[in-house]
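Read off the chains here:
There are 2 protein chains.
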Amino acid sequence: MNEIRQIKGGVCAAAGFTAGATGCGIKTGEVTRDDLAIVFSEFPAAAAATFTTNKVKAAPVRVSADHLRSGRVRAVVLNSGNANACTGQHGLDDARAMAADTAAHLGLKPEQVLVCSTGRIGVPLPVARIRKGLLGIRLARAGGTAAARAIMTSDTVAKEIAFDIRTEDGAFRIGGMAKGAGMIDPNMATMLCVITTDAVVPRAALRQALRESVEDSFNRITIDGDMSTNDTVILLANAGSGVAPAPGVFRSALDGVTRALARRIVEDGEGVSRFVEVEIHRAATKADARRAAEAIANSTLVKCAWAGGDPNWGRILDAVGYSGAKMKESAIAIFYDALPVATGGVAAATPVKKLRQIAARKAFRVTVDLQVGSASHGVWTTDLTEEYVRLNLGE
Amino acid sequence: MNEIRQIKGGVCAAAGFTAGATGCGIKTGEVTRDDLAIVFSEFPAAAAATFTTNKVKAAPVRVSADHLRSGRVRAVVLNSGNANACTGQHGLDDARAMAADTAAHLGLKPEQVLVCSTGRIGVPLPVARIRKGLLGIRLARAGGTAAARAIMTSDTVAKEIAFDIRTEDGAFRIGGMAKGAGMIDPNMATMLCVITTDAVVPRAALRQALRESVEDSFNRITIDGDMSTNDTVILLANAGSGVAPAPGVFRSALDGVTRALARRIVEDGEGVSRFVEVEIHRAATKADARRAAEAIANSTLVKCAWAGGDPNWGRILDAVGYSGAKMKESAIAIFYDALPVATGGVAAATPVKKLRQIAARKAFRVTVDLQVGSASHGVWTTDLTEEYVRLNLGE
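Listed in order, the protein sequences are those of chains A and B.
Going by my numbering, the letters in the first sequence line up with residues 911 to 1305, in that order.
Going by my numbering, the letters in the second sequence line up with residues 911 to 1305, in that order.
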């Protein structure tokens, strides 16, 4: 039997990983907080990554995808305060310089370093400041939290998680950090995530596990329906434990990390006051279930109603109606947690007061039973508050 | 030569049309404003209509579509305060009763009456109150403005327009009223519109003209990306002028009405502080141009930036990137009015101060030049403000 235990350490929980951070004033020139971090592996690690599907890809995304092809990875360098996106050829040169400077600092080859940036779009990356900052980074086993803090933008809390998994063949560890907040849509958004493990996992298996796990976690979250230029999830496996877990065991450990971090990203979304699970049941197809779930989760009117604690089912039904999913109005049932708010396409008998109590909670589940098939899909989302608008008025 | 002159009278500007309104406390039971209106034609009118494409259709939409099939129309009855949507079979019975009661009051057959409702979803229509209210409606040539006021919901101003068109063959008139505000998306949204003309137009030509004119006006406006269950545009042509204009002349007069009303709906959107024309040029296909325009117009992040007067082009480029439209980042140019904010996918040399002056105006144009083809599309949209969220928190 396997035993899974949550542990501390985040991105440094697994054997052979260290991390560190420093402040170099990337956004304004003034050093007010840490904004540059490194995650380092003592031995070459098998690496997998998923990147934004936006056709506008930030320079670090292009450079990391390029370096990933070259084989084994030793380090990831990450900065907040500047996304190095929409910066043209100059931005690509800057991202390559950031990798090369990190490699020089750590005694590696540039292609052994992956690069992540998050922050403002369209502003040149201050490479000189970053080069100088790199010299001040001290890598340590205890550096995971500092790294997780350094990549925060409008996040209000650092996001880390780690697990120790004991199998019959021995123990391995997996841990990760992420940043999220606004612009979160299925297919990742303004999020960065680095996951490290000391398990022995062949590169092909690592890639498949990450692709599937991201599909069931980060690609199910949506805050504002926008999709960023910088989204990156990196998974490094350095074999430091010497333990090669069965694929199912590794996958479930990885899912534990990706789901915990995805949920924390949603809960910490900009100006969020509610965490809502939207579940579609009995859709005609999986694609229909996803369309309906995302239409609800991205409807500004539905999200405003949630912000007001209003269990407004008309707006939910309306969103299902324009989602394109096959539906029959008179067959639809909608629930807030276990209580029906609409059945047969009309108001249910549940007292409004009880429904309002649920919709006023910090977390609840909305289930839509389409009754036209057997496919399901769920997404995690939030309300839309005045605070969200205030945070995104621009700078 | 034709001469087109804007005139007063709205939905009663054309010969043979009258209107009237009354208050019957549809929303709360208390009479605080007019909420029921009739538009009446002294002679049977050829009729055309376009309805919401949402699969969830309100009862009045179903009943009007049904009555439209029966031939010539004499009246439209409209109420605010209750959408009679998501109300099941009972709602259909109520919408039919509303048409029948109106027909009885005016000495018509029920199928000569079209029905429109707008307001809360999922609440039974108070038919008894409406039946009583109908008796109090006095129809008059001067009743257009009262009718336009009675159908307002969160609209802050009544929306009417009318034109007198002099041709070589004689003069005809066309006028209309609309209500809009929130939940406005391409494909119409929570909007009602009634247009009347005394031109002689055969039914088939009337239908085609309306379909095309709606495509170039109401289907180009988007406020919050939601699409309502009640959207209806009705066009009545009663031949009262005896003048049969050339198809092109009629179409351009109709376009004058639909575009003016569409623009006023957007300008009066919930919590709107900016009116923005988004134009896509040189897209690979018309569908791509539309996708890119709508992705920008529906991006919460872009709209929040506009609310803050921030000419943020990174968010615009990001939206184009995930729209699905064919693009090449290094070829894209973006303009605020005539000033480039980005060229070749990177920041343009235009001083930020000048761009900010434009983005802080009440109305401006954002143009994206994709440089990959020759197709264009434009939409009209707004910013997203804290006021919008406040207005939609639920009741």
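No lab work stands behind these hints, which were simulated from the structure alone.
Since the model is a prediction, treat every value here as computed from it, not as a measurement.
Be careful, since some hints might not be right.
Taking lysine-lysine pairs in the PhoX-like style, the calculated list, with each CA pair at most 20 Å apart, reads [said to hold, decoys possible]:
| no. | chain 1 | residue 1 | chain 2 | residue 2 |
| --- | --- | --- | --- | --- |
| 1 | B | K1236 | A | K965 |
| 2 | A | K967 | B | K1272 |
| 3 | A | K965 | B | K1264 |
Stretch by stretch, here's where chain A covers chain B in the computed footprint (C-beta under 8 Å, at least three residues) [what the hints assert, rightly or not]:
| no. | segment |
| --- | --- |
| 4 | 954-966 |
| 5 | 971-981 |
| 6 | 1069-1082 |
| 7 | 1235-1248 |
| 8 | 1259-1265 |
A virtual CB, placed ideally from N, CA and C, is assigned to each residue, including glycine.
Hint-by-hint comparison with the structure:
About 9 Å separates the Cα atoms of K1236 of chain B and K965 of chain A, which keeps this hinted pair within 20 Å; it holds. Between the alpha carbons of K967 of chain A and K1272 of chain B the distance comes to roughly 32 Å, so the proposed pair goes past 20 Å and is violated. Straight-line distance between C-alpha atoms of K965 of chain A and K1264 of chain B comes to about 29 Å, which puts the hinted pair past the 20 Å bound. With 4 residues carrying a beta carbon less than 8 Å from a beta carbon of chain A, the segment 954-966 of chain B meets the three-residue requirement, and the given coverage holds.
Three residues within the 8 Å Cβ limit are the bar, and the segment 971-981 of chain B against chain A gives 0, so the coverage statement is violated. Check result for the segment 1069-1082 of chain B against chain A: violated, 0 residues qualifying (beta carbon to beta carbon below 8 Å, three or more required). Check on the segment 1235-1248 of chain B: 3 of its residues sit with their Cβ under 8 Å from a Cβ of chain A, so the three-residue criterion for coverage holds. Counting residues of the segment 1259-1265 of chain B whose CB lies closer than 8 Å to any CB of chain A gives 0, which falls below the minimum of 3, so the coverage claim is violated.
Hint check: violations occur at hints 2, 3, 5, 6, 8; the rest are consistent with the structure.
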